[in-house]
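J.: The primary structure of each chain is shown beneath.
Number of protein chains: 4
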Amino acid sequence: MKMLIRFGIIVYLAFLFVVPTAKGQIRKEIRIPDILGYQTLKCDFHMHTVFSDGDVWPTVRVQEAWREGLDVIAISDHIEYRPHSEDIDADLNRSYEVAKPLADQMGIVLVPAVEITRNMPPGHLNALFVKNANLLEREDWYEACVEAKEQGAFVFWNHPGWEVQQPDTMKWWPEHSRLLNAGILKGIEIYNDKQFYPKALNWAQEKNLVILGNSDLHEPSQQQYNGEDQKRPMTLVFSLDKTEAAIKAALLDNRTAVLFNDTLIGDRRFLTPIFIGAIQLKSKKLNLQNQDIKYLQIYNNSDIPFKLQQRQPSVGFSCPKEIILPPNRTVSIELTGISDEVAQMTTLKMFYEATNLITKRGENLPVNIDVPNK
Amino acid sequence: MKMLIRFGIIVYLAFLFVVPTAKGQIRKEIRIPDILGYQTLKCDFHMHTVFSDGDVWPTVRVQEAWREGLDVIAISDHIEYRPHSEDIDADLNRSYEVAKPLADQMGIVLVPAVEITRNMPPGHLNALFVKNANLLEREDWYEACVEAKEQGAFVFWNHPGWEVQQPDTMKWWPEHSRLLNAGILKGIEIYNDKQFYPKALNWAQEKNLVILGNSDLHEPSQQQYNGEDQKRPMTLVFSLDKTEAAIKAALLDNRTAVLFNDTLIGDRRFLTPIFIGAIQLKSKKLNLQNQDIKYLQIYNNSDIPFKLQQRQPSVGFSCPKEIILPPNRTVSIELTGISDEVAQMTTLKMFYEATNLITKRGENLPVNIDVPNK
Amino acid sequence: MKMLIRFGIIVYLAFLFVVPTAKGQIRKEIRIPDILGYQTLKCDFHMHTVFSDGDVWPTVRVQEAWREGLDVIAISDHIEYRPHSEDIDADLNRSYEVAKPLADQMGIVLVPAVEITRNMPPGHLNALFVKNANLLEREDWYEACVEAKEQGAFVFWNHPGWEVQQPDTMKWWPEHSRLLNAGILKGIEIYNDKQFYPKALNWAQEKNLVILGNSDLHEPSQQQYNGEDQKRPMTLVFSLDKTEAAIKAALLDNRTAVLFNDTLIGDRRFLTPIFIGAIQLKSKKLNLQNQDIKYLQIYNNSDIPFKLQQRQPSVGFSCPKEIILPPNRTVSIELTGISDEVAQMTTLKMFYEATNLITKRGENLPVNIDVPNK
Amino acid sequence: MKMLIRFGIIVYLAFLFVVPTAKGQIRKEIRIPDILGYQTLKCDFHMHTVFSDGDVWPTVRVQEAWREGLDVIAISDHIEYRPHSEDIDADLNRSYEVAKPLADQMGIVLVPAVEITRNMPPGHLNALFVKNANLLEREDWYEACVEAKEQGAFVFWNHPGWEVQQPDTMKWWPEHSRLLNAGILKGIEIYNDKQFYPKALNWAQEKNLVILGNSDLHEPSQQQYNGEDQKRPMTLVFSLDKTEAAIKAALLDNRTAVLFNDTLIGDRRFLTPIFIGAIQLKSKKLNLQNQDIKYLQIYNNSDIPFKLQQRQPSVGFSCPKEIILPPNRTVSIELTGISDEVAQMTTLKMFYEATNLITKRGENLPVNIDVPNK
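Chains as they are written, first to last, in this note's numbering: chain D, 14 to 387; chain B, 14 to 387; chain V, 14 to 387; chain F, 14 to 387.
Please keep in mind that the hints were generated in silico from the structure rather than gathered at the bench. It is possible that some hints are incorrect.
List time: in silico SDA-like cross-link candidates among lysine to any residue, alpha-carbon distance up to 25 Å [what the hints assert, rightly or not]: (1) V:387 to D:256; (2) D:199 to D:236; (3) B:295 to V:237; (4) D:113 to V:163; (5) F:387 to B:256; (6) D:320 to D:280; (7) V:298 to V:281; (8) V:41 to D:256; (9) V:244 to F:311; (10) F:320 to B:256.
Distance ranges between label pairs, derived from CB positions [to be verified]: (11) B:255 to F:176: 42 to 50 Å; (12) B:255 to V:374: 56 to 64 Å; (13) D:328 to V:99: 46 to 54 Å; (14) B:244 to D:300: 31 to 39 Å; (15) D:207 to F:325: 25 to 33 Å; (16) B:334 to D:314: 55 to 63 Å; (17) D:302 to B:295: 28 to 36 Å; (18) D:244 to F:325: 47 to 55 Å; (19) F:325 to D:314: 31 to 39 Å; (20) D:145 to V:385: 46 to 54 Å; (21) B:295 to V:243: 51 to 59 Å.
Because the structure is a prediction, the values reported are computed rather than measured. Just so you know, even glycine gets a beta-carbon here, dropped at the ideal spot from N, CA and C.
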């Protein structure tokens, strides 16, 4: 029974009830340096609402994103799987429409999106920046993908190794090559929900796909990610501006990284300036001498920890084999002079690699720490 | 467009998607003693879903309740206010139907309920244990209430002092007397969302109404109660069993208390055994002597803190003017002998009142602590 | 029995044992803006070690200070009260000597200090920047104070309202006037341990005394301050540099504020720029219209919360009566246009006072928030 | 300069200063079941104070132990390494004497102890229950050990694999066999500070040594164990009573287990009843049917987590391959009927092993969970 307001008596109360607004909420910013002239946008391009198989009204996704420090989300409700349809009767653009006003109020960029949900192959694909999701409802999956392309959508392959669809081995199918060659498939999730797909990172590197990491939220966010050991993942987009157009351009230009739990994966050209931008040396010139011990204080001014392992010894002095730089903390490390020459060095060079910052080649990011000495 | 499963292709996947289940969730029990032969059930009798003006699918309310240590909930969607009706087309029993299977799976008692949502007077009323909520949709509010009674419902007045409906003063209207005298109105919320209504406690005491404290959740629970200073409230029901029938009997027999933040309100006959059941003295006989200091260790084996203030001095020895007993902690307090007689006392009696345990008369609960001495 | 190393056998192990070093520790910086060209140094000028009546070796005070984000400490062991003297045999400079090497290693400024510990009057006084604490051991308390002055010490009155010494009323004695007029007494603790002395703030304002807030630590820091409701207090010193000389100059120039729990007390000329430096508006031009609602996002980029109450209504629009800005969080507040003129305003002016920022006159700090509109 | 109280003037204040007492402290109990008629005592038998190379006054060790939920400690200051002796002049029993009154006040059993601190071999050895530690100061280490034995001490080998003393390989020396055969060496630390020594567990099993795990605290406890990933270890002693005599008897009877971070190591005869005592099934008869899914709720009523892996499949139904039971939480796990017979089973048997409960043989503890079904 459709009933919005009945009996006239209740009319004036309509404005008095709580509608989802920005009022009274608290946001915890995610502190990651801006780099290379870009803004580092925190994005989640894959989530669901009651309009497909999710558990929340679309506005909740906007509220969660705002509270949790994100900048950009895409509500990607399934086209072909709508288990609440007995109760919810709406078209494929509806969840976007419902969420958009609140997103605008709260300064969250809401990218229109939808999930093409098929058997393997091709599996599940998200289409971002769709103009009219209704037109992606096709019997033939390839036609749905072509329609996405014609609407200017950015299409990526979701959870490519999901064991339900790839139980024996994680396989790249001819259908994916077809999509790739047709310029339809542009990206791939290397992380989804709480699962990392390393093979997808290889494919991204080989086939020049944009890497993404998304939550695929169905439940409320704090129900799906409820502990310290499992954090909500995000796609970092290095964008010229916080607008849909600039974000799309950044995706097409392959300017992303993926952050999940304490791991950051991306091209060296992004990871290195993030590390450099986050780290501050809090000591003056060390004046290290032979057989002398001095303490260097390093402040990590970001929300990403750095787990460093020595990749080669330093010259003239010794330093720790391992350094952990927790987020928003200063750490004190010990340097010991082991030669007469060290007193003459202007800079002490330390050679590490960050075991939690992984390049697209799958390697630990090499980092140098240069310490003013004399 | 109604679409549950299309294209046949997707059919088999239907069983592979995540449906809300009990699997993999973690519950934090709420530790409050069982008393007087009853089970202390933790209940929330007032919340909403997308089926009226809430933001979550009904199953989320069950999941939240389970995770947060509750035993019993009632999903009380509004009859007359259904702002999502443009998208959601369902009758008034639907949210109960959707949530019931999961509630059964998880051992949560789901009480069928609905909220009669009217102007003041009479304002908003919840009807619990309704048999068919659809029949409560009436033009005349009183007829809706009579129908509730005829279905054997337990009816209580929600947020009676809500400033939107009672802007100038919190008033008991003739309409409420009418409901009370007709044996329809049986209870009243003294706490709703994050608001305490002390006047409602007075009314409850004078008019013999059952006191309740409920969340009135609209958002996800962890969004509405997101800090240490604001916790989800609950109605404690002292019930013979964890079944709908026993809970109903307990409500009709006025066996409730209300817990919000760190305050517990209820009849002395419930508060006193809760305090006694929670507190354990962890010291042996003190053997206190004149001019001697001994330490008494008190363990609070519950999740409710106790904030004690001395209401009269002890005889023969001195003890702290104030004692805070945090939940799940042992506290050490100092007793000093100030007379020769104290060495002969078998028991040292201490006289306190708990400033966070309030009786229905609005007074601090007097508590005695008796310490074995000799 | 004096025994450092015996039996020769153990000699080489001496270097292998753990000596207190800076290695492996983690520091949580305290984020408060630097203002007016000064560095905001976080200081604690009152604490004890085993060398008087404290419980820790002096190096622990340095380690705690470093870990907890402080910049400057003074170890002010008692002159006249040394209850461990049966076991510990050392002069009055010894605790400084023991702590100094580690303080230098860790970049903590350790100010030499001592506590003149007498009956009331004058009570307990700290002398900072002493050159030789041994010379302050005098039979006559006034001579001890004169000696302090002659050594160039900065003397302040500790816990002036401590009920043990001022049981009936908190009184300013003739002896204190004598010290003040002699140019010996320069400062006063308005906060000590977990106690605020508002009367001392009045005296500071009237008599132009420098205000300080210190821990008076005896136990390990995390034992004395072990909960969220009780935090370690500190004296903020607005200093040209992080050196003893600059800190002394800042104290003599009355450039301090006191931070305890969530309250900050100090002269307006310091509080206002702290507030301004901490707050960032995270919204662009609001473009507020009549009868329109817009959301303003305010980011508190410091570790101090701000609790704002509206001190007068705004013109042309309404805004919340109360705003809480938690540390390191963004808050969203609602502004509603209530006039046609508001659309023309370039800036929307909001008039608040911070109830947790108290001026030396004992008043809430008035703060304006100006919002770009058009 | 020795000075306790001078100038008479200060005398009365002596009683007004804070002396370490039990007053005002909060203790967090450690919840581990009592088993087999014994009390499960939480013990730390290895720590230091300013009287050797530690950083705290002995009373702090008592306060820490009480606050952190321990029952028994031993302050084992070094005999041969006393780096503070320039300032602290006391005999080897002094730290015990200083701590004992507070331990008695607070109900902490303080076992007299001392650490024989030598090169390898034999390395460092703790002697518990010494009667006069001074007599253990000998030139010859073996004579020191003989003296310990003659005083009825319980001697154990500390951090046997400490890389400073065993840099190449962790070796059992002839000297240790000598001590063992002489009935002097009775125990061994398998865990010390933050280091686990698995080889020591083998030796314990082969040579019938009592296993211990201790903190070897030097700093304040919350400075040494300051994160979630590193918790203070403890030796669990299953004792008939909380007295020195009963604890000694329990040690001699090899009734210990070792708890560090989330791992518990001990004989099966202790681990199994701990697991059984901690786990409560919170569901009634499951009534599982073929092709049916039911949810079993398991409550872990202890502070030890249990990490279970399936060691063999169940008959007639399937259950999770892995179950994590966090401390003080209820977990819901899914059981699926896969045969017609399951409906007839009275009990469903599940076969797991706890990967964090390790037997003395170094194996995961096998655990069965039997679920009432019909």
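J.: Against which earlier hints does the structure fall short, listed by number upward?
T.: Failing hints, ascending: 2, 4, 7, 8, 9, 10, 11, 14, 16, 17, 18, 19, 20, 21.
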